[in-house]
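Student: Listed below are the residues making up each chain.
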Amino acid sequence: MKILVTAKRVEDPESKIKVDAAGKGIVKDGLKYKINPFDEIAVEEALRLAAKHPGDVVAVSIGGKEVHEQLRHALAMGATKAVWVNHEGPLDQMGVARLLQKIVEKEKPDLVILGKQSIDDDQNQVGQYLAEWLGWGQATFASKADSLDSENEKNKVPGVIVGDGAKTVDVIREVDGGLNRLRLTLPAVVTTDLRLNQPRYASLPGIMKAKSKPLEEQTAQGLGVDVAPKITVTKLSMPPARKAGIKVPDVATLVTKLKTEAKVV
Amino acid sequence: MDFRLSDDERALQDTARKFAREVMRPKAAHCDEQSLFPREIIQQSHELGLLNMTIPQELGGVGLSHLAQCIVAEELSWGCAGMATSMIANDLALLPIHIAGTKEQKERFVRPFTEKFKLCSFGLTEPGAGSDVAGMQTVARRDGDHYVINGQKQWITNGEFADQYTLFCTTDRTKRHKGIMAIVIEGRPKGFSTGKHENKMGQRASNTVTLTLEDVRVPVANRLGEEGDGFRIAMETLDNSRPLTAMFAVGVARAAMEHAIDYAKQRVQFGKPIAELQAVQFMIADMAKDIHAARLLSWQSAQLLDDGAKNTLVSSYAKCFAADMAMRVTTDAVQVFGGYGYSKEYPVEKLMRDAKLIQIYEGTSQVQRVVMARELLKG
Ligand SMILES: Cc1cc2nc3c(=O)[nH]c(=O)nc-3n(C[C@H](O)[C@H](O)[C@H](O)COP(=O)(O)OP(=O)(O)OC[C@H]3O[C@@H](n4cnc5c(N)ncnc54)[C@H](O)[C@@H]3O)c2cc1C
Ligand SMILES: Cc1cc2nc3c(=O)[nH]c(=O)nc-3n(C[C@H](O)[C@H](O)[C@H](O)COP(=O)(O)OP(=O)(O)OC[C@H]3O[C@@H](n4cnc5c(N)ncnc54)[C@H](O)[C@@H]3O)c2cc1C
Chain A
1 MKILVTAKRV
11 EDPESKIKVD
21 AAGKGIVKDG
31 LKYKINPFDE
41 IAVEEALRLA
51 AKHPGDVVAV
61 SIGGKEVHEQ
71 LRHALAMGAT
81 KAVWVNHEGP
91 LDQMGVARLL
101 QKIVEKEKPD
111 LVILGKQSID
121 DDQNQVGQYL
131 AEWLGWGQAT
141 FASKADSLDS
151 ENEKNKVPGV
161 IVGDGAKTVD
171 VIREVDGGLN
181 RLRLTLPAVV
191 TTDLRLNQPR
201 YASLPGIMKA
211 KSKPLEEQTA
221 QGLGVDVAPK
231 ITVTKLSMPP
241 ARKAGIKVPD
251 VATLVTKLKT
261 EAKVV
Chain B
1 MDFRLSDDER
11 ALQDTARKFA
21 REVMRPKAAH
31 CDEQSLFPRE
41 IIQQSHELGL
51 LNMTIPQELG
61 GVGLSHLAQC
71 IVAEELSWGC
81 AGMATSMIAN
91 DLALLPIHIA
101 GTKEQKERFV
111 RPFTEKFKLC
121 SFGLTEPGAG
131 SDVAGMQTVA
141 RRDGDHYVIN
151 GQKQWITNGE
161 FADQYTLFCT
171 TDRTKRHKGI
181 MAIVIEGRPK
191 GFSTGKHENK
201 MGQRASNTVT
211 LTLEDVRVPV
221 ANRLGEEGDG
231 FRIAMETLDN
241 SRPLTAMFAV
251 GVARAAMEHA
261 IDYAKQRVQF
271 GKPIAELQAV
281 QFMIADMAKD
291 IHAARLLSWQ
301 SAQLLDDGAK
311 NTLVSSYAKC
321 FAADMAMRVT
331 TDAVQVFGGY
341 GYSKEYPVEK
351 LMRDAKLIQI
361 YEGTSQVQRV
371 VMARELLKG
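Taken in sequence, the protein lines are chains A and B.
With the numbering used here applied, the first sequence covers 1 to 265.
With the numbering used here applied, the second sequence covers 1 to 379.
No lab work stands behind these hints, which were simulated from the structure alone.
Fair warning: this is a prediction, and the values are worked out from it, not measured in the lab.
From the three backbone atoms N, C-alpha and C, an ideal C-beta is built for every residue, glycine too.
No incorrect hints appear here.
Derived, one-sided and incomplete: chain B residues facing chain A with beta-carbon distance under 8 Å:
| no. | residue |
| --- | --- |
| 1 | D8 |
| 2 | T15 |
| 3 | F19 |
| 4 | M53 |
| 5 | G63 |
Bound conformation, chain A alone (with noise of 0.2 Å):
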């Protein structure tokens, strides 16, 4: 079975983000980049199904040549194949979906795995307009059935389920007020949710793999996809600061507090 994941490029959740001083970007001196980690989670997920249904774990990202950096730490992880599509420029969601379609047009993969939304513009609509594009069923927010300490997780057991034959998928999605079960037919769209699994780190072995592993170039002009962003950004702010706790001398000014202050009781 074959399976294509994406990989993108965001700012490491441990640098510090600022906005530029236009308004309108953030300050990129100095930050440090890894692949989303909800991608992760997807390419992980991708190579346990892999191990138990053989075939390509095809992983994609779009950006400038850096997105090298993150292709290589899906192949490390085990990927078997890259796809770079060599873009510079804005982009929004329905670009990146759009030249992911193409992609999944010429390799033609049984299932797609993405994350639910990446770290950076936490906007979760890729997969969602990708599977309607595509005319594939969807199941957004895959999660795992059990707990990421349990004993399955710690085998390495997809939460994803492939049924006999790889002619559908059974996905547990997180969804507000509990879990809810889906099976797709395949081929079909999945993204993914934190507690679907632990990813594996890359091992040394892997990174040095890695680097003799097929790493193909696209182009959105190549794949004849228009990309100009239908949103444009015009104003980027940080969050307000949030206020300093206060120490209450005891649990009567408290509840006062909660009820006067707070209006919470």
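Please build the complex by placing chain B with the ligands on the supplied structure of chain A, with the hints as guidance.
Tutor: Only chain B with the ligands this time, still in chain A's reference frame:
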């Protein structure tokens, strides 16, 4: 020299850093306190290829450059210097086999380590022969196609748990350097025993024992090179490992500095964080400067090896400078923490104890200076 890391080097660093942060560090205080050898962690490091990283690809290893090994070593030591010492001890014991082993010996004594989790030890030091390696007394007498070995080895890292030993001994004590040979001992032959685990000041997660050899028979086929080659093999091994040991110092010092910075920003005295006091700022500035210098020196000493050049002098600069630097930096980190730094409730006193060993093993800071002076004044 290019000071930027390549994408691969950064990827290796990421994996080592993640392993150090998520696997090693959470257990570091416990293993230190209990003087516990973290077998599972070291086994896990094997699965990731972090163990035996000096083994070349043709023997099933990862085939890292010396520079890449340095980058990984810093992270491991940042996680826990004691664990890192036990991890690198494997490399130290395998290096003499790369350096002087035949193809057949490499297949027999090195390749199995890449296939399975195994530990090995480097047995050079003796109770009466530390810095003075040539004064070793462990003696090998030839008996047909075996050697019969008698003697004692001291301070042998991983000794209690090792599956294989690279042992240095002499066939003729009167010949000093020229009488030494290196030989591989597999498993626990008759007459071979290990002493009790040393109760050490620092790096307590690493296992350190004595080895006692009483009429231990070892096949001549296990000898590396010829009789009399042992001293050269040991020195060449240390040329290879000094950059890594220097990076251990960098890792420990970086950990101490990071703790000191975090603490200084939080600790309020005289109405403001102590990080705003110039006396504290200067300690931190000196830490960062010296760590950086030590790192570059160590990288250069590794780069020389990658270029196929001799690095004896520069690797002695690196090991000596880095070890002395780590001792200063960790002592200052305790200072920044004030009374809290002196308590085991806080992480910096362990780092100070861990750093001390780096000035001692693999050639003391004095012996490094002896080597430097010899190189500088010769000819
Ligand atoms: C925890 C630990 C782990 C170790 N692991 C190993 C291992 O795995 N394998 C192994 O073979 N060894 C190992 N060692 C041994 C280590 O390499 C020696 O301790 C080291 O070489 C110093 O030898 P020594 O302890 O006998 O000190 P000595 O040689 O007795 O030195 C004592 C002091 O005299 C100084 N001194 C000695 N000679 C000179 C000189 N010529 N000029 C100036 N000053 C001098 C030294 O610098 C030192 O300050 C380990 C040691 C420790 C503590
Ligand atoms: C084992 C032990 C026993 C002790 N016994 C006693 C005891 O019996 N009775 C008792 O009362 N106390 C005792 N103390 C407390 C001891 O005196 C304090 O730890 C010491 O005064 C330092 O204070 P601190 O630990 O709060 O460090 P801090 O004052 O927080 O200092 C942290 C760092 O900031 C630096 N710093 C702080 N202010 C300045 C400044 N203005 N300019 C420049 N640098 C500055 C310090 O030099 C230090 O490096 C003991 C401490 C220990 C560890």
